[in-house]
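Number of protein chains: 2
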Amino acid sequence: MVMNNKEEIARRVAALRRLMREKHLDAFIFPSTDPHNGEYVPDHWKGREWISGFDGSAGTAVVTMDKAALWTDSRYFIAAAEQLDGTEYALMRERVEGTPSVAEWLASCLSEKPAARVGVDGMVNSASEVAGLTESLGRWGDFEVVTDIDPLETIWEDRPPVPKNKVVVHPLEYAGETAREKISRIRRRLTELGANAILVSSLDDIAWTLNMRGSDVHCNPVFVSYLLISDEEVVLFIDADKLTDEVVAYLQGEGVATAPYKQTGEVLSRLGGGAILLDPGQVNHMLYHAVNCEVLPTASPIPTLKAVKNAAEIAGFRQAMVRDGVAMVRFLRWLEEAVPAGGESELSVDRKLTSLRAEQPLFKGLSFDTIAGYQAHGAIVHYEATAESNVMLRPEGLLLLDSGGQYLDGTTDITRTIALGPVSEQERRVYTLVLKGHLRLQALKFPEGACGSQLDAVARQPLWQEGLNFLHGTGHGVGAYLNVHEGPHQIRMEWKPAPLKAGMTVTDEPGIYVEGKFGVRIENTLLITPYKETPFGRFLQFEPLTLCPIDLKAIDTALLNEEEKSWLNGYHRMVYDKLAPHLDPEEAEWLKKATSPLP
Amino acid sequence: MVMNNKEEIARRVAALRRLMREKHLDAFIFPSTDPHNGEYVPDHWKGREWISGFDGSAGTAVVTMDKAALWTDSRYFIAAAEQLDGTEYALMRERVEGTPSVAEWLASCLSEKPAARVGVDGMVNSASEVAGLTESLGRWGDFEVVTDIDPLETIWEDRPPVPKNKVVVHPLEYAGETAREKISRIRRRLTELGANAILVSSLDDIAWTLNMRGSDVHCNPVFVSYLLISDEEVVLFIDADKLTDEVVAYLQGEGVATAPYKQTGEVLSRLGGGAILLDPGQVNHMLYHAVNCEVLPTASPIPTLKAVKNAAEIAGFRQAMVRDGVAMVRFLRWLEEAVPAGGESELSVDRKLTSLRAEQPLFKGLSFDTIAGYQAHGAIVHYEATAESNVMLRPEGLLLLDSGGQYLDGTTDITRTIALGPVSEQERRVYTLVLKGHLRLQALKFPEGACGSQLDAVARQPLWQEGLNFLHGTGHGVGAYLNVHEGPHQIRMEWKPAPLKAGMTVTDEPGIYVEGKFGVRIENTLLITPYKETPFGRFLQFEPLTLCPIDLKAIDTALLNEEEKSWLNGYHRMVYDKLAPHLDPEEAEWLKKATSPLP
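Here the protein sequences come in this chain order: A and B.
First residue of the first sequence? That's 744 in the working numbering, and the numbers climb one at a time after it.
First residue of the second sequence? That's 744 in the working numbering, and the numbers climb one at a time after it.
Chain A extracted, bound-state conformation (with noise of 0.2 angstroms):
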């Protein structure tokens, strides 16, 4: 995109203040997600960077007749600050003391206009977004929330198009499951909910249940679109250049009718009889409030029987984690020399890592964009290195290298943190605690039925008896060529009520941030597997798919026990046997150091 400026920024805005006078708006808010609430928004729909300027990944702006102003989180406050300066937007800091919520801050605005229009574009926000924007402005005045504007549509010269890249079938072989098969589990799970239809609305639910993949969306292979599954009927809609001739003959074999995307409405509206299944989570505000028959409002079931991977997914993760274990291990391996001999930055080795990824077979892409945060850059705990951040790397110091890549059979998602050289005595302290909280979890057995909340605490531990802690997630579920961040389970403080099964993969990522000096994570994806069944009930267990080894140069050995000891050594000589046979002996020679057992 061009870069903004406040004469650009100042343009837009008045263009969308002629537009809302037309219409008879007070107020137009624009947040950060598209019709299908996805993690990451093709440029079509990056509305609020447009207005505002701001390019953060988490923000709304919010544009009245005579003011405006973006909320962001704290990971963005620096950014932000930086990028509306000069433009009339007031940076909102949110969980700030004293910052007004998006409502508070417009019935402060408009206190003096009785019944004010508050716009918001009912295709990016998702019905349960626009039903709690109606009821916090309610408790303020008297507000009409107006949701059948798209502003962007007229006032967006240069907007670009919905993707239309191309989609393609993704091989029996590694979907395991055909879509017909997928699509008799979903009506199954329907019917037991009580719906006879459901609209699925994550394009990651509907490249599963297609076994189809693409390219819209970057780093997720998915494509846009809306798929209804019904009694009687299953309609992808869908631009119909993006479809092949293969494809639609594909389409038409698993008994998948096409339509116009632009069309999904319409088709809704039409339905009769029964009760659809509609994510008030997931489906935007206009689809939601487009269907005339009965809605069933409640989780699609859709992100569970997708979490859960069959015997074919498994194998291909075991298959994709060895070849990524060998970049892993040749990045490595190279990194120990390059980092001494100089020249090497942040942004350097992200391109070596990247390449020697892109060398292994079926490699598709990367998986996330990755974060390589050297010293006090390791602190941050989203950050992503630019031309203007990059910093040299030296031999000394902590390297978090968090990463992953996109394999035809698997999906896969790592962090290591390296000793370039020589560790402070509180990095070396950090880094034994995180790793003893990373090993505490992935050995945890634990009973069939648990969720990742109640499981959270065994990864924190050791970090809590000194006083440390983190603020994100300990795991999330990793999908199968598909998207990196995968529900419905995770491993957090906060509830998630999803109980964890055989067949799901997850991460077990702790990690601790000391900010201005440097961070420790450490990450392996795990798959859960039975473990066993006694009159207790039914156990489960992790078995970590990840295969790489975790340097041991920064551990304090003192600091683990003896079984933590034993999981670790474990754990590297599971590595080492699977990875050796596909490296050369140099390479095999390295590696057997690498994972050398701790005495």
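A few of these clues could be false.
Intra- or inter-copy, both count: the list cannot distinguish identical chains.
Taking lysine-lysine pairs in the DSS-like style, the calculated list, with each CA pair at most 30 angstroms apart, reads [to be verified]:
#, residue 1, residue 2
1, Lys1321, Lys1244
2, Lys1239, Lys1275
3, Lys1275, Lys1260
4, Lys1336, Lys1308
5, Lys1188, Lys1296
6, Lys1188, Lys1260
7, Lys1321, Lys1275
8, Lys1275, Lys1308
9, Lys1239, Lys1188
10, Lys1321, Lys1188
11, Lys1188, Lys1308
12, Lys1005, Lys1260
13, Lys856, Lys749
14, Lys810, Lys856
15, Lys749, Lys789
16, Lys1336, Lys789
These are calculated hints, taken from the structure and not from any lab test.
Given the structure of chain A, go ahead and fit chain B onto it with the hints provided.
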């Protein structure tokens, strides 16, 4: 109570049906609860027991014109089957596949009846229970739920009266804060919540607020009453027979008016202006709907205020724990010789322990009925020895002993599992694993804001590793000379969002129950205290209040790691240091051995 027999039950059911016919009722439901939704129910409200003959603590009796059934949970399947034998009641085993819910059963029994009328006494069911029942019946057909009839008033001829025991003032020296101050804190919380009144219906909340105690409920020093706190007035609804001149003067001094217990509904109905906070899970249906002003249906703020103990209460707990510990030490020393000498039983050791507690100053009674379960009886979680079940103790195997006392300055709750002689390998292993869980939770540090559901896994982890688990909670709050089970916080697998706060008491009581063989539970009552404040936030820790050795004889030391040994040794050192000054030399000598450090 008179033993029920089948003729007597038949007579009572017949009387009920005559009344039902008169009132045009097609069914009547009798729950286990009373108007105050407490854990123990005064005899006056034991209507389910009276109508069915089943005397377990949990059960629901339902009678139609031609059928009767009783629902209870697995704890009582055997007892209920015996007690219902020969009556027309069908036993409905809750949570067993194929068992209908009350609503399903009623729907099938009354399927021929259009607009059937189902009676339930709205005084002995919380508002949310009646709402839930109405909703589930509504799913099955066209039912009218009638809540303004208490058939027992008419048909239960020798019904015990509502208790008329005298109430007493709880000295400020132990309460630490005047009723006036507590009321003013409650009023501030009400203002923050947007209410200007509250009806307090939980008896321990009333006793805490007013610094008064009673003896109406088994083991719980509370008294039957309601308390209305509004901006303008504080009214205690209580039977005048319960009040002495001293108490009347005390209440006047604290600004509390009194009114007859029976007038609660009438006074509520006249409240005008503002909003009254009514906790739908606590306040009974009739009083909830007696109100004509606006209702704020949310959890009462009092349980959280009550749960955080003040300095006087904490000092009282410490003193009570010393006396309780002295009684426990004397008991354990006696037991060591008494069992081999022969003639002791589950019931006799309960009597002995109670008598040793009763010798202690400020003793007021037991805080719950002692659980003394020898060998296989220890595996029955809610076991209470009776003349029929009582077994003799032999110098072998494990005795599980869960007991507690009410003292004027604190309430105690302690479980020890004691090796009466040689124990099996399995007993030793399970005992040590439970001990590991107990010690790990006790040693845990955790961030402020964490709730018990997040910490629960720490106590279970060593058990889960071996495929063991227990299905009860790991911990509950303990009142200050009040109920031994106190909310709102808990440590358990199920989600309880109440955060743990410094000043709260909580038990730490993991266990394992091997059916038909033995049970192990080890319980201390803990105090939550500040741990440290770091750049990562404020952290809390547990301090054991309970002072009593943990039996060393059943430990497999090979299963304990160094940390666990040092935690146990540290606890035992503290127990010795705090108790020894209160023991005679021989007792101190015994305690020295019982608390000797593990190598």
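Results for each hint:
Taking CA atoms no more than 30 angstroms apart as the test, Lys1321 paired with Lys1244 passes inside one copy only; the shortest distance there is 25 angstroms, against 48 angstroms between copies. For a Cα distance limit of 30 angstroms, the shortest separation of Lys1239 from Lys1275 qualifies both inside one copy, at 25 angstroms, and across copies, at 28 angstroms. For the homomeric pair Lys1275 and Lys1260, the shortest alpha-carbon distance between copies (21 angstroms) is at most 30 angstroms, but the shortest distance inside one copy (44 angstroms) is not. Within a single copy, Lys1336 and Lys1308 get their C-alpha atoms as close as 16 angstroms, which meets the 30 angstroms cut-off; across copies the closest is 35 angstroms, which misses it.
For a Cα distance limit of 30 angstroms, the shortest separation of Lys1188 from Lys1296 qualifies both inside one copy, at 29 angstroms, and across copies, at 28 angstroms. For a Cα distance limit of 30 angstroms, the shortest separation of Lys1188 from Lys1260 across copies, 25 angstroms, qualifies, whereas the shortest one inside one copy, 35 angstroms, does not. For a Cα distance limit of 30 angstroms, the shortest separation of Lys1321 from Lys1275 inside one copy, 25 angstroms, qualifies, whereas the shortest one across copies, 44 angstroms, does not. In this assembly of identical chains, the alpha carbons of Lys1275 and Lys1308 lie at most 30 angstroms apart whether taken from the same copy (24 angstroms) or from different copies (29 angstroms).
For the homomeric pair Lys1239 and Lys1188, the shortest alpha-carbon distances inside one copy (19 angstroms) and between copies (23 angstroms) are both at most 30 angstroms. Taking the shortest Cα distances, Lys1321 and Lys1188 sit within 30 angstroms of each other inside one copy (23 angstroms), while across copies they are farther apart (38 angstroms). For the homomeric pair Lys1188 and Lys1308, the shortest alpha-carbon distances inside one copy (18 angstroms) and between copies (23 angstroms) are both at most 30 angstroms. Taking the shortest Cα distances, Lys1005 and Lys1260 never come within 30 angstroms of each other, neither inside one copy (50 angstroms) nor across copies (67 angstroms).
In this assembly of identical chains, Lys856 and Lys749 lie within 30 angstroms of each other by CA distance solely inside one copy; the values are 29 angstroms within and 74 angstroms between copies. Taking identical chains as interchangeable, the C-alpha atoms of Lys810 and Lys856 lie at most 30 angstroms apart only when both belong to the same chain, with a minimum of 14 angstroms there against 64 angstroms between chains. Taking identical chains as interchangeable, the C-alpha atoms of Lys749 and Lys789 lie at most 30 angstroms apart only when both belong to the same chain, with a minimum of 18 angstroms there against 75 angstroms between chains. In this assembly of identical chains, the alpha carbons of Lys1336 and Lys789 never lie at most 30 angstroms apart, being 48 angstroms within a copy and 72 angstroms across copies at closest.
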